[in-house]
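Per our numbering, the sequence shown runs over residues 1 to 159.
Incorrect hints may have been included.
Stated by the list, open to error - What follows is a list of derived Cβ distance ranges for each label pair:
| id | residue 1 | residue 2 | range |
| --- | --- | --- | --- |
| 1 | Ala-114 | Lys-53 | 37 to 43 Å |
| 2 | Asp-143 | Pro-21 | 30 to 36 Å |
| 3 | Phe-15 | Asp-143 | 17 to 23 Å |
| 4 | Lys-124 | His-51 | 43 to 49 Å |
| 5 | Lys-53 | Lys-82 | 25 to 31 Å |
| 6 | Asn-45 | Phe-6 | 17 to 23 Å |
| 7 | Gln-121 | Lys-46 | 44 to 50 Å |
| 8 | Met-1 | Leu-157 | 27 to 33 Å |
| 9 | Ala-11 | Leu-97 | 30 to 36 Å |
| 10 | Asn-36 | Ser-153 | 29 to 35 Å |
| 11 | His-51 | Thr-122 | 46 to 52 Å |
Hints listed in this document are in silico derivations from the structure and should not be mistaken for laboratory results.
The structure displayed is predicted, hence computed values, not measured ones.
Idealized CB from N, CA, C, for every residue including glycine.
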Amino acid sequence: MLSQAFKQTLAMRIFTFFKIPLLSYCKPWVVKLEPNYCEAVIPLNKRTRNHVKSLYFGALAIGADMAAGAFLMDTIRRSGQKVGFIFKDFTADFLKLAKSDVHFICTEGKKVRAVVQKTIQTKKRANTTVNIIAKCPKASGDDIVARFTLTISVKALPL
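Model the full structure from these sequences, guided by the hints.
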């Protein structure tokens with residue numbers, strides 16, 4: 001049987017290949033997806049590194065998008081409803097150079113589920129803000145290399 005993380009990675013890769021090719025180009029994957037924990041990885045490689053051999057800030061943004069987006073896509077799929085979403089705003093605090101594969105961690109699945117449920121019930125646009133941290137376990141141990149705050153905007157769509 002396939003793990004939830006593998007299924008989510010496959011779903012994200014198919015979706016991004018057709019809908020958001022730039023995300024697909026970075027080859028992200030989901031390591032773990034649980035009700036209140038999502039961990040996504042962007043590999044440090046030729047496609048994602050910058051001139052100082054660390055993860056390019058655009059790839060860091062993609063990783064934060066993936067960590068929040070995996071929760072969101074899984075929640076929408078499980079709801080059985082049609083819900084559109086966008087990221088309304090984005091802030092980042094880069095703390096250290098990301099010198100290896102970067103793990104993006106979001107622990108706010110409850111907030112994501114609540115905002116999706118709210119739009120389904122009210123049929124109106126709803127927003128919530130989620131926080132994501134980024135770590136490079138191979139290069140920096142448990143140190144946080146970046147922090148992100150994303151506002152998710154969702155709206156229930158007619159079936």
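Tell me if the beta carbons of Asn-45 and Phe-6 are separated by a distance inside 17 to 23 Å. 20 Å, holds
Outcome of range test on Cβ distance (Ala-114, Lys-53; 37 to 43 Å): Check passed, 40 Å falls within 37 to 43 Å.
For the hint 46 to 52 Å, verify it against the beta carbon of His-51 and that of Thr-122. Cβ of His-51 to Cβ of Thr-122: about 47 Å, so the range 46 to 52 Å holds.
Could you see if the CB distance from Asn-36 to Ser-153 stays within 29 to 35 Å? Between Asn-36 and Ser-153, where Cβ atoms are some 21 Å apart, the hint is violated.
Can the suggested window of 44 to 50 Å be confirmed for the beta-carbon pair Gln-121 and Lys-46? 46 Å, holds
Lys-82 and Lys-53 - C-beta distance against the hinted 25 to 31 Å: Given range 25 to 31 Å: violated, Cβ gap about 43 Å.
Holds or violated: the 30 to 36 Å window for the beta-carbon distance between Ala-11 and Leu-97? For Ala-11 and Leu-97 the Cβ distance comes to about 31 Å; the hint holds.
Using the Cβ atoms, figure out if Met-1 sits within 27 to 33 Å of Leu-157. 32 Å, holds
Beta-carbon spacing of Phe-15 to Asp-143 - inside the hinted bounds 17 to 23 Å or not: 31 Å, violated
Range hint 43 to 49 Å (beta carbons of Lys-124 and His-51) holds or violated: Since the Cβ atoms of Lys-124 and His-51 sit about 45 Å apart, the hinted range of 43 to 49 Å holds.
Verdict for Asp-143, Pro-21 (Cβ pair) under range 30 to 36 Å: Since Asp-143 and Pro-21 have Cβ atoms about 32 Å apart, the given range 30 to 36 Å holds.
Hint violations for this structure: numbers 3, 5 and 10, all remaining hints satisfied.
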